[in-house]
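Asker: Modelling step: build the complete structure from the supplied sequences, incorporating the hints.
Each chain, written out:
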Amino acid sequence: MKTTGKLRRYIYVLTLFFITLSGFGQMPIFKRYYIADIPGLGWLAQFYVTHIIHYAAASVLIALVLYILFDFIFNGSGLNRITGSGYLKIVILAGLIVSGGLMVFKNLPGVYYGHTTIIVLDLVHLSLCMMLLCVSLYTLIWEKKWVN
Amino acid sequence: MTSKLSRRAFLKGSLTAAGSVAATTSIARAATSMAHTKKEPLVTLLDISKCIGCEECVYACQEVNANKYPEPQKPFPKMVPDRVPVQDWSDKRDVTDRLTPYNWLFIQHASATVNGEEIELTIPRRCMHCDNPPCVKLCPWGSAKQEENGLSRIDPDICLGGSKCKKVCPWDIPERQTGVGLYLDILPAFAGNGVMYKCDRCYNRLEKGEVPACIEACPEDVQTIGPKSEILEKAHALAKEMNGYIYGEHENGGTNTIYVSPVPFEQLNQSIEKGKGKPHLNTVKNMMADGTNLAKAMLIAPLAGVVAAFGKFYLSSKEDK
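Residue numbers (the numbering used here), protein chains in the order written: chain A, 1 to 148; chain B, 1 to 321.
What the hints contain is simulated information worked out from the structure, not anything from laboratory work.
Owing to the predicted nature of the structure, the values given are computational and were not obtained by experimental measurement.
A portion of the hints provided could be inaccurate.
Said to hold, decoys possible - One-sided and incomplete, this derived list gives chain B residues near chain A with beta-carbon spacing under 10 Å: (1) 81; (2) 167; (3) 191; (4) 210; (5) 291; (6) 294; (7) 295; (8) 296; (9) 297; (10) 307.
Ideal placement from N, C-alpha and C gives every residue a C-beta, glycine not left out.
Answerer: Laid out in C-alpha cells, this is it:
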C-alpha cells in the first residue's frame, strides 16, 4: 500500500514537472532567455516537441487524477478526510483539466474559437497553473497533506 | 527597371481588356457560391500555367491592404536580452520580391523543361491558409484565428510578435514588424517584439461578398475561389487536362490554396529562389497530426484511470475474502 502511495507521488511530481515546463514552452521564452541554450534543454525551444510532451503529460495527469478519485470512492474514504489545501488543489486541478481539455479540442481540425475565447482560456489555464505551483510549494514547505 | 515597367504596361494594356469579361463573370460566380456555402471552406485555385508574372495581384494586395500595414513607433524599445532581433521593414515598403510585413504576396520565378522546351513559370506565393493551421492552433496568446470560410488571420491589436507562428508554419510565412502593437503597452523590453503579418485572404472583402483583391485584379484569371469540393474537382480536372500536378491539397494535412502546374513541383522547387520570405514548394507532412492523434488518445486517459482504480479495488476485495 505504501509502495503504491509512493509511486503515485513520484508519477504526480514527475508529471507536474514536465507538464509545467512544456506548458511554459508554449510561449516563445526559452530561446529568448537562453534557457534552451543549456545543453539538454534545446527541446524547450522546439514547439512541436513541447506540444506533444504537454499532451502526453496531460494524459498521464488525467489518468492519475481519475485513478485517485475513483480509488478514494471505491475505498469508501470520507470526503471529510480531505484537507483544505487538498480541496484547493483538487479544484485547481479540475480547472486545469477542463480549460486544457477545451484547448485540446480547439486544436482539432475544423474547430473554430474566437480570439476572446482563446485568450480567456489561455489566461485561465496559465493562472490556474501558477496557483497550483504556489499552493504546491506552500504544502511542500509546510508539510500539508492531501488527506488527514 | 525601365524594361520591367514597359513590360508591365504592355501586359496591363493588352490583357486587362481581354480578361476583364471573363474575370467579372468568374467573380460574380464565386461571390454567388460564397453566399450559398457558409459551412464549406473557401479554397483558391491557382493555375500556374496562366500566370504571366505581371504582379498586378501584388500591387492590388498592397493597395487594398495598405490600411492594415504597420506604422511603427521609433526609436524602438531596447530589447532584453540583446539577442532579440529588431525587424524593421518600414523603410523598405517597396520590396515586392519576397514576403514582408508590407508585402503579403509575391511572385516566384522558376524555369523548367517541358517536352524538351525550356519554359519560364511564375508563381504567386502567399499564406496557404491550411485546413488545420499551426499558426492559429499553436499561437500561445490567441492572436491568430481561423474563420469558418477557411482563412486564417492574425489580429494586429492582439499579437505580441513572438514569432512562434512563423516557426511552426511549414512555409515560414508570417513576417514581423518591430515597434508596433500591444507589446509596447506591456513590457516592451522583456516580452514580445511587434506584430506578425501575413495574407488574411482579404477577410473584410469576403465578409462583403467580394473576392480577394489579388483574384479580382488578375488579368489572366489565374485564381479562382469557391467551395472546397468544387475547387478540388476543378483542380483535378485541370491537372488531368494539362497532364499536370497539384500542390496544396495534401500539404500539411490539406490547405485552402491549390496550385496546378504543368511541371512537377519537385522540379519547380529546385528552380525557385528559396530563403527568408521566399517559401519552398516541398512536400509537407501534416505538422499537427501527432497532436491530433494524441488528443484522440487522450480520451482514453480518464477511462484508464477509472479501470486501474476498479482493478485495484477488485484485487483487494478478492484478497480480503
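Asker: Against the structure shown, which of the earlier numbered hints fail to hold, in ascending order?
Answerer: Hint 4 alone not satisfied by this model.
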